[in-house]
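Build the full structure now, drawing on both the sequences and the hints.
So you can see what is in the structure, the chains are spelled out below.
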Amino acid sequence: MSLLSVTGLTKSFGGVQALRGVDFQVAPGEAVALIGPNGAGKSTCFNAIGGQLVPDAGSIEYEGKKLNGLPPHRIWRLGIGRTFQVAATFASLTVRENVQMAVASYRGLLGRLIRPLRALCRDEADEALRTVGLLDQADRACGLLSYGDLKRLELALALANEPRLLLMDEPTAGVAGGERRELMELIARTMEDRGISVLFTEHDMDVVFGHARRIVVLHRGEVVAVGDPDSVRRDAHVREIYLGSAAEEEEGGENEGGEGASC
Amino acid sequence: MSFYIVQFLTGLASAASLFLVASGLSVIFGVSRVVNFAHGSLYMLGAYLAYTLVTHLGGGALGFWGGIVGAAIAVGIIGAVIETLLLRRLYKSPELFQLVGTFGVVLVVQDLALAIWGPDDLLGPRAPGLDGAVSILGHRLPEYDLLLIVLGPAVLLVLWLLLNRTRWGILVRAATEDPEMAGALGVNRKWLLTGVFFVGALLAGLGGALQLPREPANLLMDLNIIAEVFVVVVIGGMGSLGGAFLAAVLIGELQAFGILIFPEITLVLIFLVMAIVLVIRPWGLLGKPETPPPMARAVGRPFRPLKPGWRIAGYAAFALLGAVPLAMGGYAAQVASEVVIFALFAASLHFIMGIGGMISFGHAAYLGFGAYGAALLVHYLGADMLAALVAAPVLAALAAAVFGWFCVRLSGVYLAMLTLAFAQISWSIAFQWYDFTGGDNGILGIWPAAWASGPRVFYLLTLVVGLAGGWVLRRAVFAPFGYALRASRDSFTRAEALGIDVKRLQWQAFILAGAAAGLAGGLYAFLKGSVFPTVMAIPVSVDGLVMVLIGGVQTLLGPIVGAIGFEWLKISIASETNFWRIILGAVIIGTVLAFPQGIVGFAKERYGRREK
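Those sequence lines, one after another, are chains A and B. Residues in the first sequence are numbered consecutively from 277, following my numbering. Residues in the second sequence are numbered consecutively from 960, following my numbering.
Hint data in this document are derived by calculation from the structure and do not stem from the laboratory. On a predicted model such as this, the values are computed, not experimentally measured, just so you know. Take the hints with a grain of salt, since some may be wrong.
Stretch-level coverage of chain A by chain B, calculated; a stretch enters the list once three of its residues show a Cβ under 8 Å from a Cβ in chain B [as the list claims (entries may be wrong)]:
hint	stretch
1	344-351
2	360-373
3	377-384
4	388-397
Yeah, the Cβ is synthetic: ideal placement off N, Cα and C, and Gly gets one too.
In structure tokens form, the structure reads like this:
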């Protein structure tokens, strides 16, 4: 039985059909990558699942519950964490306060009016910061962090509700080479330790083929291929989309397919 | 039946001026993303200038129409001058500064108009050739109204042609759609904006000039029209000329027919219609559902807890400062009471604005609900002072719950416009519902209980209550609630994605701030011994904004420092001159020009390197 099941998802903006009946599933503990060229509908798909957009048709089911039309804060309560393409954090709070907020929200403590937040959920917050390697920066203003550290902080925030599914829109976008590999390893390790499923989009094909167990390929709002990394790599249709018709003539090695697509 | 037809035509005629002003505001907003608060002042100037020109040019059609057109063009030029001198420097500033800066212009214009034309209403001549009335099915309709009925759609057509069929219009639309691309293609945005302000101001001036035969030029015109125009723009959809026309007709008709059904509360009808529209189409009738313009707001820095030594020193300084008026005598205690009351008022405004990121231009409404609530209880039920002081925040919180429910559905300048509209509606209820509130005669004889009647005792009471209110607000800022509010201000998307129901949270903050303002209002009623509608008028809301602005939007002590500074300024200037508004306006304009990025932004730039 799948954790997340998307069926017939459709969304159009004005005359542009961004999604035309997208189907795919995510099983418990599975890492699934959603890839496709620019404009394929990846972000639309993500925002529909996260509640930032309301789909026109189709259904999104998570643990048997329908998500369509629920606002983001309700979806989060069901156990889905989320990171954004451009890291979204609270710039005027300290790093620790960011995480304390997230934990306090999970515990349902945000309505409190008198007792200060300072002492609240502090240990849990520090634990989360240690996991992502930011404990030594806990007291800094979040606006002063480097972008790679912001991405780490966002991960800590997304994990605060002990999610069973994590939605990550380009987890490594904007992060430089070495830092990127470390970040992705951190994510993979955390997922494995906690048995969390991940659905992510990514432009870096090394990351995609290195970390996804299954890959869903979107093109012009439709799913054109689904499968494990090897079968997707060999898929003629996918090669055509990414490399153009030249791919058919070329007798290139399989690795080159991945390399070429990362450009 | 025929009577209703005539009434309908009257409604159409009054829609004309409303549409002219609203379309000007809309065109300016479209290109510059500035809500020009001073648009009502331009309208008022149009009426006054038309009066002067028409009476000087002498009678006759040429004199009259020459005067009207001349006034409109003069106002257009004034608008262009305001743009070049003030607004051009504020395009990149936080929107609060744009709104407050243009309100500075409102204050200056008010006093200039008072100085030039005097306090009396000036009734202009009737339009030559159109001074009669036509008979429609036995009812009389002024000929001039017929002209206005035709003029509204005609102006809509001309504007449409101007924007869609001329090269200038194409450039304006390009700059509206994609300012950066238009700039990259060589459009001179600077002069385009000045041109747009000229056109927008000309429309406002024309609207005012054309009102002259219907309503005398007076000093209340500016704020009355701006509230109505905000309603029109919110209902019609920002940036949509067709929407502005439709909404202006709707409001015109509501006023025409509402006066038959509820002559005293026509504004309540308007409020109901606006509420319904906002629930069904939050972006207005013909507006596009777009994300509000990006907010160039200053992001605060983390609040650091004070070191214990400093905290004790702070409490000591507070206690000392609080004790000083006691030693100085009755008058000082009275003045100090007022300062405390306004500090609490400013702190409550700061709570939703600085912490919550919601700019309110109508916060005085809740001060007023508190003051009127207390006063009405005493007047009609003979309530005890303490009971009235408990009821005041409750009533204000109820009002804030109703108004806030609609306000939090919007954000940025739209929210600011809506808060202003609600406040103006509240004001006119107090002003118009003569039998219940006493209208502009107010409610008199609201004196404190005997034990608190001495100015010093009352000051102590005010201080205790004010400190308690301030303490709750301050605790709320540091409690999870306040953090969630700041978090939602920093990033709506992230807050929602962390399980925070942002709209609900903002609504709760609105209610809390309303209650605190209401408490201040209750105290104010007993301090003054009376309540008048002016307590909830727009200038009081702006006083609050200025206090927060002077003190600094991102500091917790700011509103208190600001309230002390503002009251001192007001008392010292008001005792010297009758034209204190012009000085206050100049102070406001000076502040926003000197700190275009906000005082905190300025301080950050200057001292920001300290934090690493």
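Structure-based check of each hint:
no., hint, result
1, 344-351, "holds (count 3)"
2, 360-373, "holds (count 9)"
3, 377-384, "holds (count 5)"
4, 388-397, "holds (count 8)"
Comparing the model with each earlier hint shows no violations; every hint is respected.
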